[in-house]
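Work out the full structure: start from the sequences and follow the hints.
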Amino acid sequence: MIKLLASLFIIGASVLLGNEYANNLVNRPRYIRFFKNALQILEAEIVYSQETIKESLHAVSNQIPEPLATLFQHIADDIQHDQDELYPIWEKHIHVFYRSNPIQVDDKEILLQFGRTLGQHDVIQQQKYIRLAINHLERTLKEADDKHHRYGKMARSVGVLIGIFIVLLLL
Amino acid sequence: MTLDTSVLFQIAGIGIIVAMIHTILKQMGKEEYAQFVSLIGFIIVLLFVLDSISDLFQQIRSVFFLQG
Amino acid sequence: MELFEVISIGVIASVLFLLIKDKQPTIAFLVVLFTVIYFFLFIMQYVQEILRLIAYLGERANINSVYIKTILQIIGISYITEIGANIVRDAGLKSVAVKIEMVGKVFILILAIPIFQSLIETIINIFPIT
Numbered sequence: 023m024i025k026l027l028a029s030l031f032i033i034g035a036s037v038l039l040g041n042e043y044a045n046n047l048v049n050r051p052r053y054i055r056f057f058k059n060a061l062q063i064l065e066a067e068i069v070y071s072q073e074t075i076k077e078s079l080h081a082v083s084n085q086i087p088e089p090l091a092t093l094f095q096h097i098a099d100d101i102q103h104d105q106d107e108l109y110p111i112w113e114k115h116i117h118v119f120y121r122s123n124p125i126q127v128d129d130k131e132i133l134l135q136f137g138r139t140l141g142q143h144d145v146i147q148q149q150k151y152i153r154l155a156i157n158h159l160e161r162t163l164k165e166a167d168d169k170h171h172r173y174g175k176m177a178r179s180v181g182v183l184i185g186i187f188i189v190l191l192l193l
Numbered sequence: 575m576t577l578d579t580s581v582l583f584q585i586a587g588i589g590i591i592v593a594m595i596h597t598i599l600k601q602m603g604k605e606e607y608a609q610f611v612s613l614i615g616f617i618i619v620l621l622f623v624l625d626s627i628s629d630l631f632q633q634i635r636s637v638f639f640l641q642g
Numbered sequence: 038m039e040l041f042e043v044i045s046i047g048v049i050a051s052v053l054f055l056l057i058k059d060k061q062p063t064i065a066f067l068v069v070l071f072t073v074i075y076f077f078l079f080i081m082q083y084v085q086e087i088l089r090l091i092a093y094l095g096e097r098a099n100i101n102s103v104y105i106k107t108i109l110q111i112i113g114i115s116y117i118t119e120i121g122a123n124i125v126r127d128a129g130l131k132s133v134a135v136k137i138e139m140v141g142k143v144f145i146l147i148l149a150i151p152i153f154q155s156l157i158e159t160i161i162n163i164f165p166i167t
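Those sequence lines, one after another, are chains R, P and H.
Taken in order, the first sequence gives residues 23 to 193; the numbers are from this note's numbering.
Taken in order, the second sequence gives residues 575 to 642; the numbers are from this note's numbering.
Taken in order, the third sequence gives residues 38 to 167; the numbers are from this note's numbering.
The list that follows gives simulated cross-link-like pairs (lysine-lysine, DSS-like), each with its CA atoms no further than 25 Å apart:
id : chain 1 : residue 1 : chain 2 : residue 2
1  : H       : K58       : P       : K604
2  : R       : K169      : P       : K604
3  : R       : K58       : R       : K76
4  : R       : K114      : R       : K130
5  : R       : K175      : R       : K164
6  : P       : K600      : H       : K58
7  : H       : K60       : R       : K175
8  : P       : K600      : R       : K164
9  : H       : K60       : P       : K604
10 : R       : K130      : R       : K164
11 : R       : K150      : R       : K58
12 : R       : K58       : R       : K114
13 : P       : K604      : R       : K175
14 : R       : K58       : R       : K169
15 : R       : K169      : R       : K130
16 : R       : K175      : P       : K600
17 : H       : K142      : H       : K131
18 : P       : K604      : R       : K164
19 : R       : K169      : P       : K600
20 : H       : K60       : P       : K600
If you're looking for bench data, these hints aren't it; they were derived computationally from the structure.
Set out below in C-alpha cells:
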C-alpha cells in the first residue's frame, strides 16, 4: 500500500516536472511577443509623444498585460527614487524578471543590450536602437516557437515515462 | 528457495519504457540522447541479470563442492 | 506443482521477448538470459537433493570420499559449461559456445587424472611388471 502510494508520488512529481518544462516552452514565445509589443509602444511614446523615459515606461505598463506591466511599473518607479543612470535599474529588474519567468538567456541579453542604449541618445538614434532590439526579439521568437512546436509534446511524455522508469527501478 | 519472478517483469518493463523514450527522442531529432538512454537502460538491466548470475554460480559452487 | 510455474514463466518470458525484440534487442536478450538463469537456479535445488543422496550412498558403501567428490565436481563442471555454452549460444555466438565446451572437457580430464592414476597404480600392483 505504501509502495503504491510512493510510486504514485514519484510518477506525479515527474509528470509535474514535464508539464512545467512544457509550460515554459509554451510561455516563452508569448512573453517574447509581449516584450515586442512593449518595445513598440515604447517607441511610439518616445518618438511621437516625446515624453521622458519615466512617463513612457508608465504609459507602456498601462497598455500591456500582467507580469510585464509590473516590471515596467517597477522600473519607472525606481527612476523616481534614484537620479543616477538608468542602466543599473534596468539591469536589476530584468535580472529579477529573468529568474522567475520563462525567458531564456538570449532574450535577457537582448533586453540588457537594449537597456544600455536607453536614454543615451537622441530620438532618431533611440528609434533605431528600439528597431534593432525588436528585430533581435523577432529572431529569438522564431527560435522559441520552433522549440515549442518540436519539444512541447515530447517534454510531457518524457516526463511521464521517466517517472514510470524510476518506479520500475525502485520496485 | 524460490526466486522472485517480478524481476522478469521489471526487466521487460524497463525495456519497454526505454524503447518508448528512445522512439520519442529519436522522433524529435535527438539521436545522441536516444542512444544514451538505451545504453543506460541496458546497463541497469545488465546489473539485475548479473546479480542473478552471481547467485547461480555461487549456488553451483556450493552444490558441487567446487570451492577454490 | 512447480513444473507449471516453470512452464508459465517460459511462456511469459517468450511473450515479453517478442514484445521488446524489435525495439531493444539487447534488453530482449537479457530477458532471455534472465529466464535461463532462473530455470537453472530452479533446477539446482533438486540437483542438490540428488547429490546429497549420491554422497550418502557413497558413504554407506565405504567408497573413498575423494572419488565421490571428484565425480560430483565433474558433474558440476559439465553443468556450468552447459549453462555458459547455452547462454552464449542464445546470443548467437556458436563458435564461442563450442570453445567453452572444449575448455570444460579439458577441465574434466584434469579432474579425472588422480582417479586414472590410482586406477593404473592398482592395476600395476595386481600385475607386477618386473
